[in-house]
Amino acid sequence: MSVLNLAQDFLVAAQPATQPAAPVADTISTGEAVAFWILGPLSLLGALGMLFARNAVHSALWLVLTMLSLGVIYMVQQAPFLGFVQIIVYTGAIMMLFLFVLMLVGRDSSDSIVEVLRGQRLAAAVLGVGFAGLVVGSLAQAFTRVDSVGLTAVNSSGGGNVANIGAALFTKYLFVFELTSALLITAAVGAMVLAYSDRHGKGLKKTQRELVEERFKGDRPGSLPGPGVFATANSVATPALLPDGSVAQESLSALIEATTKEHLADDVADVSGTGHRADARALTGSAPKEGTE
Amino acid sequence: MTTAELLADDPIWLILIKVVGIFAFLVVMTLFMINWERKVVARMQQRPGPNRVGPNGWLQSLADGLKLAFKEDIRPVLADKWVFFLAPVISCIPAFVAFSVIPIGGEVSIFGERTALQLVDLPVGVLVVLACSSVGVYGIVLSGWASGSPYPLLGALRSAAQVISYEIAMGLSIVGVVMFSHSMSTSDIVKAQGNLWFVVLLFPSFAIYVISMVGETNRAPFDLPEAESELVGGFHTEYSSLKFALFFLAEYVNMVTVSALASTLFLGGYQTPFGLGSLWSGFDNGWFGLVWFVAKTLFFLFVFIWLRGTLPRMRYDQFMRLGWKVLVPISLVWIVAVALVRALNNSGEFSQQQFLIILGVVLGVLVLLSLLLPDRKVEEDPNAVPITGGGFPVPPLDLEVPKAPTRRTPVVANLPKEPVAVTASKEASDGDV
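Line by line, the protein sequences are chains A and B. Mapping of the first sequence onto my numbering: residues 1 to 293, in sequence order. Mapping of the second sequence onto my numbering: residues 1001 to 1433, in sequence order.
None of these hints come from the bench; they were simulated from the model. Incorrect hints may appear among the rest.
To be verified - In silico BS3-like cross-links for lysine-lysine, where the CA-CA straight-line distance does not exceed 25 Å: (1) B:K1071 to A:K206; (2) B:K1081 to A:K206; (3) B:K1081 to B:K1071.
To be verified - In silico negatives: residues of chain B with every beta carbon more than 10 Å from chain A: (4) K1071; (5) V1124; (6) V1361.
What the hints assert, rightly or not - Chain A side only, calculated, beta carbon under 8 Å to chain B, not exhaustive: (7) A53; (8) V57; (9) F81; (10) G92; (11) A93; (12) L99; (13) N161; (14) V162; (15) I165; (16) L169; (17) F170; (18) T171; (19) D244.
All C-beta atoms, glycine included, are put in the ideal place defined by N, C-alpha and C.
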C-alpha cells in the first residue's frame, strides 16, 4: 500500500498551485470571477445561437461552444478531471455523432412542418413547463438552502480530485453508476436490434465471397470486355473487337451515345441480330458476315 | 519538489519563452518532417528525393510553404462561408495546445530561474492530449461539410467515425500506464519510469497505442479521410493557399504530438536510455533530457514514415473492424489482467515466485484446453459443383479454341465511306472521337 500512498501524495502535491493552500470556504478568487464573466456569456450565447440558428449544423456548432465553455468553467472551479471529461465525452464524442447524423441528412433538408403526432405541441408545452419548473425549483433550493463548501478540502485530501471522484463513483454511488451503464447498454442493444438487417434475407447484400462464387458458377467468370480505348482511339465509346474482328457487344455502353457507335450501327445490328452470346471461354465472337470474307 | 510546484512560480517572461519555444519547435519539426519523409520514402523507393533547394534539398519544404502562402485563396460557391473559414483554424489550434503538457526535458535553470522544461503540468495531463485531439477532429469534419461537395463530405464522415473509434482504443491503452504510475500527470508518468520503461512492462498497451495513434492522425495506412485514390483529396479537396497549409501544419503537428506522448508514456520521456546515466552523470542533466526526448520522438516519427512507405491503404470496413473487434477487446482484457496482477501484488498474499508459478500453470492449462477444442467442421454442400481445379480457375475441358480468322482486318465492308477512324485506321482518330 505504500506505493499507493506515495501516489496519493503525488496527486495532492500536483494540484494547481494557483489555489491558496487553505482558502476560506466559499470564496471566489479574482481569476475565477474573470473567467466566469467571460465564459458565462459565451455559453449563454452558444445556447441562444443553438436555438435561433437556421442551419442544423450551425446549431450543433453553437452547442459545442456552450459545452466547451462549461468544460472550462469546471476546470476553473477546481474540477479539472470533470472539465476534460466534459470536453472529451460531450464535445468529442456525443456532439461528433450529432454532426455525423446531420451531415448524412444533408445540408439543404428542412424540417417537415406537417405534424405527424397528434397533440404533440400540447404535450411538449406541458412537459417543457414542467421541466422548467423542476430546474428553477432545484436551482432555488441550491441557492438558498445548500451551503457551498468548495472543493478545496476534498481536492487536497485522500489522493486529490481524480482519486476522490473514482472512490466516490465506485463505493458510494456504485449502484447508480451500474444502473446508468445498464441503461446505456440497453439503449445500445435496442438500437442494434432495430437497425440490424439480416444479410441472408431476401434481396439483401451478398458477401464478397458469395459474389465471387456466383460469378464463377455463371457463364462469365471474367470481367466484361473493356472498351477499345488505346487500341484505335482514346474514347470510351470505342468498341472492343473480338479476335475475329467483330465488335464485342458487351463493350458498348448503352449510356454513352457517341459518333463511333453510330458509325458502327451496321456492325452493331449485325451482332445483335445474331444474338451474340458472350462465351468468354470459347473466345469466339459472332460469325463474320459472309460478304466480308 | 514536484514538477507542478516547480512550474508554479515561473515568472511571466519564462512562460512566454516556453510558449514561443514550443511553437517554434513544432513548426520547425513540421518543416523538417516533410523533408525527412520525402527523403526517407525516396530512399525506400531507390530514388534521390528532393535535393535541389538549399543544402541537400533540406529547404524544399520551406520553399513549398512560401509558395503555398502566395497561392490564390479559393472559396467554392456552395461553401458555407464561416464554417469553411473556421475549420482549418479549429484543426490547427488544438494540435499546438496539446503539446503544452508534454515534458520535453528535466529540471533546468534558465537565466537563474529553476524550472522544468514543460509549459504546464496538470494532474490530468494525459486527458488534455485526448481532449485536444477530439476537438481537432472538428476541423476535419467541418471542413468536409462546409466545402459543399461530395468528396470532402465523404472524407469528413470517414474521419469522424475513424477518430471516435480509435480514440477509445487510445484511451484504453493509456489506462494501463495510469494504473502503474498512479497519476495522469505527464511528468509523474515520466518519473515513474525511472527504473523500467512502460514499453517493457505494458507491451500490449504500447502496441495498441502505436496502432491507434496512426489511426488518430489519419496517416497511411489509415489515411482514409484523404484517400487520394478514392476521394481526390478527401476533406481538404476544396482548400487552397494558407487554409490548406493550416491543415498540412495541423497534420504534422499532430504527428509530433502523438509521437511525443508515446515517448512520454512508454519510452520514459526525457529519461536517459539504456542506463547511459551510469556511464557519465552529465547524461542525466535536464538539457540532455531534451536530446533524449527528441531522439525518442524522432524514432516514432520515423515509424510513421516507414509505415507510409511500406503498407497499402486499408479498406474502410477492415479498418473499423480492426479498431472495434481487435484493438478494443484486447485492451479491455489486458486492463483486467493488469488490474488483477496489481491487486494480487498489493495484497501481499503471494510472493513474486508463487505468482509466476500460478501464471505459468494457468497458461499451461489454457494451452491444453485449446488443444482439446474440436476443429470446426467444414460444411459439405451436396450440390456443389467443382468450379476450379486445385484452387485456381482452369479452362473447361470442353474448351472450343476458335479457328484462326482468315483475315485479321476488321469488319469494315458495310461502313459508310466517310473517314472513320476507329476500326479502319490505327492512328488518325486521336482525340476527335
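Results for each hint:
1. B:K1071 to A:K206: violated (48 Å)
2. B:K1081 to A:K206: Judged against 25 Å, a Cα distance of about 42 Å means the pair is violated.
3. B:K1081 to B:K1071: Since the Cα atoms of K1081 of chain B and K1071 of chain B sit roughly 19 Å apart, the hinted pair holds (cutoff 25 Å).
4. K1071: With a cut-off of 10 Å, K1071 of chain B remains clear of chain A, as the shortest Cβ separation is near 27 Å.
5. V1124: violated (5 Å)
6. V1361: holds (27 Å)
7. A53: violated (11 Å)
8. V57: Because about 6 Å separates V57 of chain A from the closest Cβ in chain B, which is inside the 8 Å limit, the hint holds.
9. F81: Cβ of F81 of chain A sits 5 Å from chain B, so the hint holds.
10. G92: At about 3 Å, which falls below the 8 Å cut-off, the nearest Cβ of chain B leaves the hint on G92 of chain A intact, so it holds.
11. A93: holds (6 Å)
12. L99: holds (6 Å)
13. N161: holds (6 Å)
14. V162: holds (6 Å)
15. I165: violated (11 Å)
16. L169: With Cβ-Cβ at 15 Å, over 8 Å, it is violated.
17. F170: Result: violated, 12 Å to nearest chain B Cβ.
18. T171: Status violated, d = 16 Å.
19. D244: holds (4 Å)
The structure fails hints 1, 2, 5, 7, 15, 16, 17 and 18 (numbered hints given earlier, in ascending order).
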